[in-house]
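If you're matching them up, the sequences are chains A and B in order.
16 is the number of the first residue of the first sequence in this note's numbering; add one for each residue after it.
21 is the number of the first residue of the second sequence in this note's numbering; add one for each residue after it.
Treat the hints loosely; a few may be bogus.
Said to hold, decoys possible - To spell it out: a stretch of chain A is covered by chain B in this simulated footprint if at least three of its residues, at any positions, have a beta carbon under 8 Å from a beta carbon of chain B; those stretches are:
# : segment
1 : 47–59
2 : 95–109
3 : 114–126
These aren't lab readings, by the way, just hints derived from the structure by calculation.
Idealized CB from N, CA, C, for every residue including glycine.
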Amino acid sequence: DAKTTQPPSMDCAEGRAANLPCNHSTISGNEYVYWYRQIHSQGPQYIIHGLKNNETNEMASLIITEDRKSSTLILPHATLRDTAVYYCIVKANQAGTALIFGKGTTLSVSS
Amino acid sequence: NAGVTQTPKFQVLKTGQSMTLQCAQDMNHEYMSWYRQDPGMGLRLIHYSVGAGITDQGEVPNGYNVSRSTTEDFPLRLLSAAPSQTSVYFCASSVPGRPNEQYFGPGTRLTVT
Numbered sequence: 016d017a018k019t020t021q022p023p024s025m026d027c028a029e030g031r032a033a034n035l036p037c038n039h040s041t042i043s044g045n046e047y048v049y050w051y052r053q054i055h056s057q058g059p060q061y062i063i064h065g066l067k068n069n070e071t072n073e074m075a076s077l078i079i080t081e082d083r084k085s086s087t088l089i090l091p092h093a094t095l096r097d098t099a100v101y102y103c104i105v106k107a108n109q110a111g112t113a114l115i116f117g118k119g120t121t122l123s124v125s126s
Numbered sequence: 021n022a023g024v025t026q027t028p029k030f031q032v033l034k035t036g037q038s039m040t041l042q043c044a045q046d047m048n049h050e051y052m053s054w055y056r057q058d059p060g061m062g063l064r065l066i067h068y069s070v071g072a073g074i075t076d077q078g079e080v081p082n083g084y085n086v087s088r089s090t091t092e093d094f095p096l097r098l099l100s101a102a103p104s105q106t107s108v109y110f111c112a113s114s115v116p117g118r119p120n121e122q123y124f125g126p127g128t129r130l131t132v133t
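Please build the complete structure, drawing on both the sequences and the hints.
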């Protein structure tokens, strides 16, 4: 699985967009970019994933650069409940190996 | 849908005791897995199952057993608890063909003294 690099922490004002970057310069052609988050003391929560096209769902948008070496998770209107550790994971679509969560980015949303 | 449920939420064991952590999902997911999370170490895969009757080992299987007799349930058994097994345990499930879109339970916080 390709390695990912994320900033350790970010701050965001409530109601503003939170843009969380992730570098994955060694990504392979068959690997997807997945985003999860973990709110304190809870289980990780799947957010979104993509291969090469930009993706949007009810939680967030995912922008992947054309060379696929980096991506950005966008929370369009951050709320206090979005305060969490966000993990970018690069992995092929196959079972049997663990999701490697790494250290992630701690997003702090304040009012 | 209750999603993925885990019981108990908290447990304290003495060294050498055995117990079973329960995990159930009501989403008809074929793929289920158990992780443990230790401070500063991220999540590590213990065991996983791709369907009823099929289980396999993950990264850190020693000291744990699993079985999958139904699609809904995937219990994790600690055979003889050790202080090194003090951790938070998460169960997860996912739909067929999408093993990396996992739904996690709320976790079981286990302390072994």
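Against the structure, the hints:
Counting residues of the segment 47–59 of chain A whose beta-carbon sits less than 8 Å from any beta-carbon of chain B gives 6, enough to reach three: the coverage restraint holds. Coverage of the segment 95–109 of chain A by chain B holds. Counting CB-CB distances below 8 Å, 4 residues qualify, and the rule asks for three or more. Coverage of the segment 114–126 of chain A by chain B holds [criterion: at least 3 residues with CB-CB distance below 8 Å; count 5].
When each numbered hint is compared with the structure, no violation occurs for any of them.
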